[in-house]
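Asker: For reference, the chains in residue letters:
Protein chains: 2
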Amino acid sequence: MSFEKLDQLGRRLEALEHALSILGADEATHMAVGGGEKRAEAMANLAGMYHAQSTAPEIAEWIEAAQPHTEDQQLALAEFRRQYLNATCLPTEFVERKTAATMRSEQLWRELRAVGDWDSYLPALEGVVELVREEARLRADALKLAPYDALMEQYDPGNRTATLNPVFADLKTFLKEFVPEALEVQERRHQRRPRRDLNGPYPIEHQRELGLAAMRAVGFDFTHGSLAVSHHPFCGGVPTDVRMTTRYRTDDFLSSLMGVLHETGHALYEQGLPKEWSHWPLGKARGMGIHESQSLFVEMQLARSPEFWHFMLPLVQLHLGRNALPGWDIEDVLSEVNHVERGYIRVDADEVTYPLHVILRYELEQDLVAGKLEVSQIPEAWDAKMTEYLGISTINDPKDGPMQDVHWPGGAFGYFPSYTLGAMIAAQQWAALEKAQPNLRDSVRKGDFTGINAWRAEQIWSQGSRWSTPDLITRATGEPLNPAYFKAHLRRRYGD
Amino acid sequence: MSFEKLDQLGRRLEALEHALSILGADEATHMAVGGGEKRAEAMANLAGMYHAQSTAPEIAEWIEAAQPHTEDQQLALAEFRRQYLNATCLPTEFVERKTAATMRSEQLWRELRAVGDWDSYLPALEGVVELVREEARLRADALKLAPYDALMEQYDPGNRTATLNPVFADLKTFLKEFVPEALEVQERRHQRRPRRDLNGPYPIEHQRELGLAAMRAVGFDFTHGSLAVSHHPFCGGVPTDVRMTTRYRTDDFLSSLMGVLHETGHALYEQGLPKEWSHWPLGKARGMGIHESQSLFVEMQLARSPEFWHFMLPLVQLHLGRNALPGWDIEDVLSEVNHVERGYIRVDADEVTYPLHVILRYELEQDLVAGKLEVSQIPEAWDAKMTEYLGISTINDPKDGPMQDVHWPGGAFGYFPSYTLGAMIAAQQWAALEKAQPNLRDSVRKGDFTGINAWRAEQIWSQGSRWSTPDLITRATGEPLNPAYFKAHLRRRYGD
Chain A
1 MSFEKLDQLG RRLEALEHAL SILGADEATH MAVGGGEKRA EAMANLAGMY
51 HAQSTAPEIA EWIEAAQPHT EDQQLALAEF RRQYLNATCL PTEFVERKTA
101 ATMRSEQLWR ELRAVGDWDS YLPALEGVVE LVREEARLRA DALKLAPYDA
151 LMEQYDPGNR TATLNPVFAD LKTFLKEFVP EALEVQERRH QRRPRRDLNG
201 PYPIEHQREL GLAAMRAVGF DFTHGSLAVS HHPFCGGVPT DVRMTTRYRT
251 DDFLSSLMGV LHETGHALYE QGLPKEWSHW PLGKARGMGI HESQSLFVEM
301 QLARSPEFWH FMLPLVQLHL GRNALPGWDI EDVLSEVNHV ERGYIRVDAD
351 EVTYPLHVIL RYELEQDLVA GKLEVSQIPE AWDAKMTEYL GISTINDPKD
401 GPMQDVHWPG GAFGYFPSYT LGAMIAAQQW AALEKAQPNL RDSVRKGDFT
451 GINAWRAEQI WSQGSRWSTP DLITRATGEP LNPAYFKAHL RRRYGD
Chain B
497 MSFEKLDQLG RRLEALEHAL SILGADEATH MAVGGGEKRA EAMANLAGMY
547 HAQSTAPEIA EWIEAAQPHT EDQQLALAEF RRQYLNATCL PTEFVERKTA
597 ATMRSEQLWR ELRAVGDWDS YLPALEGVVE LVREEARLRA DALKLAPYDA
647 LMEQYDPGNR TATLNPVFAD LKTFLKEFVP EALEVQERRH QRRPRRDLNG
697 PYPIEHQREL GLAAMRAVGF DFTHGSLAVS HHPFCGGVPT DVRMTTRYRT
747 DDFLSSLMGV LHETGHALYE QGLPKEWSHW PLGKARGMGI HESQSLFVEM
797 QLARSPEFWH FMLPLVQLHL GRNALPGWDI EDVLSEVNHV ERGYIRVDAD
847 EVTYPLHVIL RYELEQDLVA GKLEVSQIPE AWDAKMTEYL GISTINDPKD
897 GPMQDVHWPG GAFGYFPSYT LGAMIAAQQW AALEKAQPNL RDSVRKGDFT
947 GINAWRAEQI WSQGSRWSTP DLITRATGEP LNPAYFKAHL RRRYGD
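Residue numbers (this note's numbering), protein chains in the order written: chain A, 1 to 496; chain B, 497 to 992.
Next up, chain A with everything else stripped away, as it sits in the complex:
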């Protein structure tokens, strides 16, 4: 009876989520420019209904009284309890205070980032960090976790600094040595074989066809999703109707194509979630790190490999014409898509330097939450780490330094590690998969992803939120998170 009540509540919440997801995707793709204000008002109201219905006090009683009959029901109930606790552990008064402060802070950041005015932005960020410290303590008390762990718990349940810190430290040590090595290897390759220029323009309609062909090839189900255009590419919508977007530049098709493949990785996960549990927390994607591992599996493990391009290059010529890449062979494409470069901006970074951007933030935000670092000290700390890790200074450039990301202005602390966690999990999954399917690379060369997707569907997608992030990794790959696989992947692709 109580289980049935939770089931019915789940259907109402799923309806509101459905509306919010589709309205969100629609806003970025098809909404008229003047429709934004009412859209925001409508979505705020729907989000309010969602919050009220999902945190109602009687739910606690239903959860306590519910009697699961199967293992799945038991897991579903446990995950419902976990989510309910996470959603209700902050007092309403605090949530309102934080929402108001982060909204103001984000608006101010958008304005001041453009002109790189750190000093004027400082007080707002100090306010946010103060609230985040308070939030971390509140969550920590309710969840019986350390403060920063309690923040991470929102994004990747089960992640703990005690496990992650050694992994990230190991990876950092490796990368500080490996980035110079990879750059040297790249330099030698360029001397042997100079980089080629793209031969645009590439008409958008043709790029779109190429993107659709790539999506189809790696397993996107077009009866349950579509591709549109938006300013910032994303993968949204609902599992039965995944809304993917990309953007096009006529002088370069690779950026859109690789972006499409990244988002297709997210989409496959959503399309593969267990449908019978779609209205329960159990039926949702596990978390940010696992989600990123699915997009990076497609984008990095698959789509930047020589085997993939063996299959993809003819498709490019089919859709963009024989002269799309005149004289290029697979090695030229790989040199282009796997180009390594030290840079200021995280979102523009390649897979070799990217983790260092993340580790820098992960280290700083732990110190910020613990009170070991104050906001006013960020620019110097940022510059010191950028200089140490990547050999570039940001001291006079806050815009491309600590002001570059929306996460901190929006109060989202504990999220950054998920990105690099995703890259490591993707490499570990590839290794496990290759052990299970020794002919893996041959299949990729033929454009046959059925075996790969069957494995991922079984090991990851269909598992929904049955297990914590660390447990899911162990169950899928046979061992806990191990940075060795990601390091081996980088060595293989970028090393000597």
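Just so you know, the hints here were simulated from the structure itself, not pulled from any lab data. Here the structure is a predicted model, which means the values were calculated and not measured. Possibly wrong hints are sitting among the right ones.
Claimed, not checked - No farther apart than 20 Å at their CA atoms in a straight line, the calculated lysine to aspartate or glutamate pairs in the EDC-like style are these:
#1 Lys487/A <-> Glu177/A
#2 Lys501/B <-> Glu41/A
#3 Lys275/A <-> Glu537/B
Got chain A; can you put chain B on it based on the hints?
Answerer: Only chain B this time, still in chain A's reference frame:
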């Protein structure tokens, strides 16, 4: 305080309406085919929330206790009360029974209409009519109206058979004589000047540009709306983001163009509603008859006139090319778009014969609701009227006779008169406008619709639901509904 409660309730209801409207438009335009089941489930849940929130018992107390301070607030409260009464006058048990029955009946109709199997469909429609009779009695008791008037009240508040019956009788008498006359005039014109053939193919992308140009010209605001493609054209969305659709045939651009202009008429009304009241019933469009008058004003009064084509023909050539209509002049276009023909199907009818299709249904459904006609007698009654009004028999063709419309299978009785009411109101508005702006036709020839739209915005659009349908007609045109204007319009366009 109570007024404030109603205001807040209105904002929540507007959010749910917003979601339902955009999800509905999205379903017909951008949804993946496999997304339908979850979409239906989500929309049913959201509609359930809307119903529960809009019919909550405490609202009755808020309405009674609310103290309006302005005339607008007074009108807003009155309209809220009227809508609340209409929404709550049926017992939940009855609503559930009717919903289930009409859903089954509609599904069965879709199946059996395709094969024209009236006999198998009969029992389902008998069940629906029985429920509609019960509904009419329940509504009549609650609203202190005659049963059929109580049904019409849902679609055009204030419409009464006592006023409409003489108007429709007058129009019927006129049309029974006028249709043969119009056909004769048309025949003579064709002898003088034979009909020309269209010179397709007309590429869809060019047709789209032409449609957008036509929308822009007659005043559609693209910052608050857009045009997409769907199987059945519609005008949906919300006033700040109107979602219009059309469909294209490459062998004919006129059907899409005239459809676009029809939907633009609906869209202008929505875009012109009073924004400050958008979350109150007062701020919504008045009803079906008035809405149809706005679409027919653009489609029939404007867009099938010689003055409009003086301006439109060059636009056609601009977007479709010089040879789009080789050798055609305005008279040829008018002969094409104003072609009169006796036919079986209401939705395919021209503006001369259309009202007879409606009057037939209006007469039959009054008798059905009153119990003077039984469902089993419909085919003969339908045939008799079709033969009398249009000289064609449907006795052996139920598919194109009484099975052609979704209204009765869906339990929507009292709706049909709105279509012809709309045509009459549109003609009456044009006449009133021409009295106020004697140079009206000159402006149309120049493609200048600003004066026309300013008048309509003031007289109709900005009025929202302040007045009943009859009161709105009188306030806007200076007199009650008068069929003389529509008859004069037909005589002018189709007579000798």
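Asker: So, for every hint listed, does it hold in this structure?
Answerer: A quick look at each hint next to the structure:
| no. | hint | result |
| --- | --- | --- |
| 1 | Lys487/A <-> Glu177/A | holds (12 Å) |
| 2 | Lys501/B <-> Glu41/A | holds (17 Å) |
| 3 | Lys275/A <-> Glu537/B | holds (14 Å) |
Going down the numbered hints, you'll see the structure goes against none, and every one checks out.
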